[in-house]
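Under my numbering, residue 188 is the last one in the sequence shown; the count climbs by one each step, no gaps.
Simulated from the structure, these hints should not be mistaken for laboratory data. Even for Gly, the Cβ is constructed at its ideal location relative to N, Cα and C. Careful, some of the hints might be misleading.
[Stated by the list, open to error] With a straight-line Cα cutoff of 30 Å, these simulated DSSO-like cross-link-like pairs (lysine-lysine) come out:
| # | residue 1 | residue 2 |
| --- | --- | --- |
| 1 | LYS179 | LYS72 |
| 2 | LYS136 | LYS179 |
| 3 | LYS136 | LYS173 |
[What the hints assert, rightly or not] Simulated DEER-style distance windows between Cβ atoms:
| # | residue 1 | residue 2 | range |
| --- | --- | --- | --- |
| 4 | VAL123 | VAL159 | 34 to 40 Å |
| 5 | ASP162 | LYS72 | 37 to 43 Å |
| 6 | ILE177 | TYR41 | 39 to 45 Å |
| 7 | THR58 | SER84 | 35 to 41 Å |
| 8 | THR34 | THR124 | 21 to 27 Å |
| 9 | ASP15 | SER112 | 37 to 43 Å |
| 10 | GLU157 | THR125 | 34 to 40 Å |
| 11 | ALA45 | PHE156 | 17 to 23 Å |
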Amino acid sequence: AWILYDLLTTDKGFGGSDGIIDEDTLDVFSFYSASAYASALITDPITNTTEPRFSCNVIINRKNDAYTIINDLCSVMRAMPFYSVGSLTISQDRPSNTATNTSEPQYIFTNANVTTDGFTYSGIGSKVKFTEVEVSYFDNDTQQLDFEYVDADDITALSGYITKFGKIRKTLKSFACTS
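Please model the complete structure; the sequences and the hints are all you need to start from.
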């Protein structure tokens, strides 16, 4: 969050030498809370080591539009930027109680608030039910762009999806993702 804040407010990024983006137009509290959650130390269940929940390891060395870079940096910490009441705010996908990693229910469905028509269910076309995913990342050991491949059969809950829907691959280009 502070990388984005720095990029927005200093001459290193969009701020320019005369500070085009004023700090008063940024919701510093949303940046702070996003940073606190992203920087919290968690234990990796595979390696049993402690590390920050999110880390950003990126070099921005080519021109891109501000909207894309802001969104890319927010994606590193599961956040979305939006403009509200005269300031840029970031909203992060995180539990409401970060101490216990839980959230209170936002809405409870009961017979009192469900009509006689019930629920309307909808689905998506089979051409967008991806059964394979290929994600690019920067490999620190080889210093090259590499790909990680996972198919539905590798995930217990999705086993049998390739037989049902066929092999439909989605290739994702990640941002600030390293090995």
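Structure-based check of all given hints:
1. For the hint pairing LYS179 with LYS72, the CA-to-CA distance comes to about 26 Å; that is within 30 Å, so the pair holds.
2. Proximity of LYS136 to LYS179 is assessed by CA-CA distance (about 11 Å); at most 30 Å being required, the pair is judged to hold.
3. Only pairs whose Cα atoms come within 30 Å are accepted, and LYS136 paired with LYS173 is accepted, the gap being roughly 12 Å.
4. Roughly 37 Å separates the CB atoms of VAL123 and VAL159, a value that falls within the hinted 34 to 40 Å.
5. Checking the proposed 37 to 43 Å range against ASP162 and LYS72 shows it holds: the Cβ atoms sit about 41 Å from each other.
6. Remark: the range hint 39 to 45 Å for ILE177 to TYR41 is upheld by a beta-carbon distance near 41 Å.
7. Take THR58 and SER84: their Cβ atoms lie about 24 Å apart, and the range 35 to 41 Å is violated.
8. Restraint check, THR34 to THR124: a C-beta distance of roughly 44 Å breaks the suggested window 21 to 27 Å.
9. Checking the proposed 37 to 43 Å range against ASP15 and SER112 shows it is violated: the Cβ atoms sit about 30 Å from each other.
10. Separated by about 48 Å at the C-beta atoms, GLU157 and THR125 break the suggested range of 34 to 40 Å.
11. For ALA45 and PHE156, the hinted distance range of 17 to 23 Å is not satisfied, since their beta carbons lie about 33 Å from each other.
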